[in-house]
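So you can see what is in the structure, the chains are spelled out below.
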Amino acid sequence: MATTSQAATAVATAAYPPGHEPVHNYLKEPKGIKSWLLTVDHKRIGIMYLISVAVAFAIGGILALLVRAELFTLGPTLMEADTYNRVFTMHGIVMVFAFIIPSIMATLGNFLLPIMIGAKDVAFPRLNLASLYIYWLGMLFALSSVVTGGVDTGWTFYTPYSKETGTFVLMMGLGVFIAGFSSILTGLNFIVTIHKMRAPGMTWNRLPLFLWSVYATSIVQILATPVIGITMVLLALERALSIGIFDPALGGDPVLFQHFFWFYSHPAVYIMILPAFGIISELMGTFSRQKVYGYRAVALSSLAIALLGFLVWGHHMFTSGQSPLSSVVFSMISFLIGVPSGIKVFNWLATMFRGSVWLQTPMLYALSFLFQFTIGGVTGIMVGALAADIHLHDTYFVVSHFHYVMMGGTVVSLLGGLHYWWPKMTGRLYNERLGKLSALLVFLGFNMTFFVQFIMGSQGMPRRYYDYPDMPWMQPLHQLSTVGSWILGLGLLVVLVNGLWSLRRGKLAPGNPWGAVTLEWSYCTSPPDPHNFHRTPLVTHGPYDFHAVLGGDGAGDGHDPAPIPDVAVGAPQESVSVEDGTTQPTQPK
Amino acid sequence: MASHSTASLAVAHPQVQGVYGHDEHGHEDLMLIGHDGEPHPAHLQHHFVSAEQQFSASKLGMWLFLVTEILLFGGLFVAYTIFRAWYPELYAEASTQLDTVMGAINTLVLLTSSLTVAWAIRGAQTDNQKVLFWNLVITVALAGTFMVVKYFEYTHKFDLGIYPGEHFVLEPGTTTVTGEVVEPLVPAAEGGAGAEAGHAEAGAGDHGAHAREGAIFSDPRAGIFFAIYYVMTGIHGLHVIIGMVAISILAWNARRGRYSSVYYTPVENVGLYWHVVDIIWIFLFPLMYLI
Amino acid sequence: MHDDAHAPTHEEHTGHGAHHVLGRDTLLKTFGALVALTVLTVALALLERAGVIPLGGLSVPVALGIAGAKASLVAAYFMGLKYDGGTNLLAFVGGVAFLVIFLTFTYLDTGFRDTFDEQSAVPVDILRAEEAALLARQDSLLRTATPPPLVSLPDTALFPNAPMTPPVVTTPAAPAPAPAPQE
Chain A
1 MATTSQAATA
11 VATAAYPPGH
21 EPVHNYLKEP
31 KGIKSWLLTV
41 DHKRIGIMYL
51 ISVAVAFAIG
61 GILALLVRAE
71 LFTLGPTLME
81 ADTYNRVFTM
91 HGIVMVFAFI
101 IPSIMATLGN
111 FLLPIMIGAK
121 DVAFPRLNLA
131 SLYIYWLGML
141 FALSSVVTGG
151 VDTGWTFYTP
161 YSKETGTFVL
171 MMGLGVFIAG
181 FSSILTGLNF
191 IVTIHKMRAP
201 GMTWNRLPLF
211 LWSVYATSIV
221 QILATPVIGI
231 TMVLLALERA
241 LSIGIFDPAL
251 GGDPVLFQHF
261 FWFYSHPAVY
271 IMILPAFGII
281 SELMGTFSRQ
291 KVYGYRAVAL
301 SSLAIALLGF
311 LVWGHHMFTS
321 GQSPLSSVVF
331 SMISFLIGVP
341 SGIKVFNWLA
351 TMFRGSVWLQ
361 TPMLYALSFL
371 FQFTIGGVTG
381 IMVGALAADI
391 HLHDTYFVVS
401 HFHYVMMGGT
411 VVSLLGGLHY
421 WWPKMTGRLY
431 NERLGKLSAL
441 LVFLGFNMTF
451 FVQFIMGSQG
461 MPRRYYDYPD
471 MPWMQPLHQL
481 STVGSWILGL
491 GLLVVLVNGL
501 WSLRRGKLAP
511 GNPWGAVTLE
521 WSYCTSPPDP
531 HNFHRTPLVT
541 HGPYDFHAVL
551 GGDGAGDGHD
561 PAPIPDVAVG
571 APQESVSVED
581 GTTQPTQPK
Chain B
1 MASHSTASLA
11 VAHPQVQGVY
21 GHDEHGHEDL
31 MLIGHDGEPH
41 PAHLQHHFVS
51 AEQQFSASKL
61 GMWLFLVTEI
71 LLFGGLFVAY
81 TIFRAWYPEL
91 YAEASTQLDT
101 VMGAINTLVL
111 LTSSLTVAWA
121 IRGAQTDNQK
131 VLFWNLVITV
141 ALAGTFMVVK
151 YFEYTHKFDL
161 GIYPGEHFVL
171 EPGTTTVTGE
181 VVEPLVPAAE
191 GGAGAEAGHA
201 EAGAGDHGAH
211 AREGAIFSDP
221 RAGIFFAIYY
231 VMTGIHGLHV
241 IIGMVAISIL
251 AWNARRGRYS
261 SVYYTPVENV
271 GLYWHVVDII
281 WIFLFPLMYL
291 I
Chain C
1 MHDDAHAPTH
11 EEHTGHGAHH
21 VLGRDTLLKT
31 FGALVALTVL
41 TVALALLERA
51 GVIPLGGLSV
61 PVALGIAGAK
71 ASLVAAYFMG
81 LKYDGGTNLL
91 AFVGGVAFLV
101 IFLTFTYLDT
111 GFRDTFDEQS
121 AVPVDILRAE
131 EAALLARQDS
141 LLRTATPPPL
151 VSLPDTALFP
161 NAPMTPPVVT
171 TPAAPAPAPA
181 PQE
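Protein chains in written order, with the working numbering: chain A, 1 to 589; chain B, 1 to 291; chain C, 1 to 183.
Source of the hints: derived by calculation from the structure; they are not laboratory data. Note that the structure is a prediction, hence the values are computed from the model and not measured. Glycine is no exception: its CB is placed at the ideal position from the N, C-alpha and C atoms. You may find that some hints are simply not true.
With beta-carbon atoms standing in for the labels, derived distance ranges [to be verified]: (1) A:325 with C:100: 17 to 25 Å; (2) A:62 with B:145: 53 to 61 Å; (3) B:158 with A:391: 34 to 42 Å; (4) A:144 with C:114: 50 to 58 Å.
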């Protein structure tokens, strides 16, 4: 069943096992800009999402650099206080709604999900394309709000200020509302795809852990996103017609807005981080060369996090004037989230234990994820403690905490995932040296930027402040943080350069450069066929059963881990398939 | 799309193939030749293995969409409940301003439309094109009736000055829906913009100064009830209109014989949507009009 | 493994898995029940408003119960959940469950604001005596130790360049025996 790889096959620069030569390239067939804009191919939609999301990340990143630059010295540095308010608000909105929510789900999720389960496409390909266009439409509305002067409410849109402010909240709220639909459609599509489109033999217990995360995330998207929709509608009506639901002067309740907002936005935190967990699970398995420890526990802890995530939103509101009873309840349940998160971290450590850890770029990112996410998670428990939070609320401590989770967690994991799947997506290998350099710069820059913010926060530096005249002794810390942000920006620039360079100059990638055994590596060409597979694969082993393809004892106990392949040659691929009437032509046209 | 067929190198696993289910319906259906040179039903999209898989996937997708609808309205139900718990007398008083008879008629109209849409699906399943088409047409007509009744309810309230939130103002001297005559406020009875401003600033705690204890026009917070009423029924009405458009398209396609017992997925899914619109009204009606 | 397997046999089953054809009788009976329940709930409300049947606190649960029964009928028969089961049912029930969570936890706040002050059952003189004892203990401890600086002033060990010009904050800057606590 498994064919051994031979270096001397048809293509000179990379080895393709017989029957796995990339005769058709989804990137090149069919040709033309129209074929991209009207495509229903999940891989192309994933790539278009990737480009959109990267643009959003660049915009949000530049805004972040501006915020840090403003704080470099005491007093005004770059901009007016009013401008500063708009800049940090736009940084938050762009990063949350335009970048990080669709970041992993809509890019890697779209690209990988059907391939990983052995399907030809997601269940609703046209809906998938619609979600991309809806996302663009939402961004257009948000952009129109920026052009007319931006918004200064902070990304949370808290009433009553968001009702009173003269800035263009209406268009921005509408943009968020519309972008929410895109998120819902992605989640809906993925759930149905996982339920109904799995290839024969792909049981729930053989689902790659990335897909368990994607599945859990999709559930959150379905259940939480409609609520931000109705919240934005109510906010718009409040501004346009003064309906009074959030206005205490008319008998309404501004804290109710916070409930509505966080009923979405706290679960949205898990929309951001859960797919990152999935990527890390994949990386840990492949680059430790043995089974992911505790497969079932890791899979189910994703679901547990998704469901528990709905019961804790009030921990954002400890100082809002909500009832003490609910504060206590929310605080206690918040601690529970630590349990499934801890299960994941310990299982990843156990996966590496006695494996032959292979320090390629993706694994370096995975390791820095592990370091940063643990810090982010543990400080999350700290700010989830009711008494401590009263002191830390709205300080840099909280800012640092969620950047450790979002940036140090999700973004670093996305970078690791992008490096890992880059050969599959583009058919080219990136430059390993540049990759390692970028991982180092991102790690150093990130920690330099944000670790000092824990100290500043615990010493009382409030978030969203333009200046710190009462605390001039903080200036060196702010400067350290700002310099860190430059290093971080440089690291991200290296990633970009490496990616663009590899598109032109990178070596051709073999089908399975990392010697992984999930379907996208073990069954699919690099880059994939427009229909993913020539024949529907028959899945005969689990996602981390390296022994089934590569040898080793497969026990995952570190005694006989799978061999490390030569990246330029790759590892063998499989070709066991079923004949279900969907065979694709393998000859070039 | 190329339509080469290739020599099969695949291992045959008939028992595994069975999980997708076979097409055993035995109905006549338009067949097209796929990439593999084999005939497939015309409505079967290329990435599905069988019509059965396609149908159940679409249906699950629709159900998930309905879940998002439930949570979308859910936010409004939460707001309704929170404020009801805060202002119970106000709600009781304000709900008397809604016309129970009209609400009840509308409930019956929507229930009937649910029946006709279910019957239309039955028509498709039993290949009875007439039953399918006419039930869809009746459904659209009933939805239209619902919207007309809603229109009369809305305009009547607007005439009385029953607007949502800040703009809620019952002019002194108007006869309300229950037949009461609005008495002037004790402190300031100038009406118009002045009364409106007075409403906004009155705040909690000074009901005593007003004309009649518990009367809705004595409390500026009555605007909250009507805000929720207008937003909920308004968004529901929007869903009714979307449903009317969708069902009209179905009727148009049904007329051209697009649906049969072999393929009726759009009818089934729009039907599910329509029933959820009905279910939401089933809850809105008692919450708003009765209790 | 594929969860779209459906109950294989049912009287009106067509052999299409999820395709269940509703019988004429089932449709009409369901519709009849829905109309009857509507008439019932309206009648109850009107009679209560007229003062004939004072339901009192029961009127809300009764009305919602009837609405729930109607919604269940629509979901079970018209929408075919009774015959689908499986994932579709799970999705629907799950959606409703999360709505209940949303409502419950929000109500935990809005229904219980300003409630903790009234919940102590300990007589106030005992509380006062305990407080006085604690204050005395704090006082005795403060005599032997220097109070930590307030957070608005930096820790000089951590930040050697800190006290440039101490901002105008009313804090005990010099390590001196603490004044007696004010409260």
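Can you give the numbers of the hints that this structure goes against, from lowest to highest? Violated hints: 3, 4; rest satisfied.
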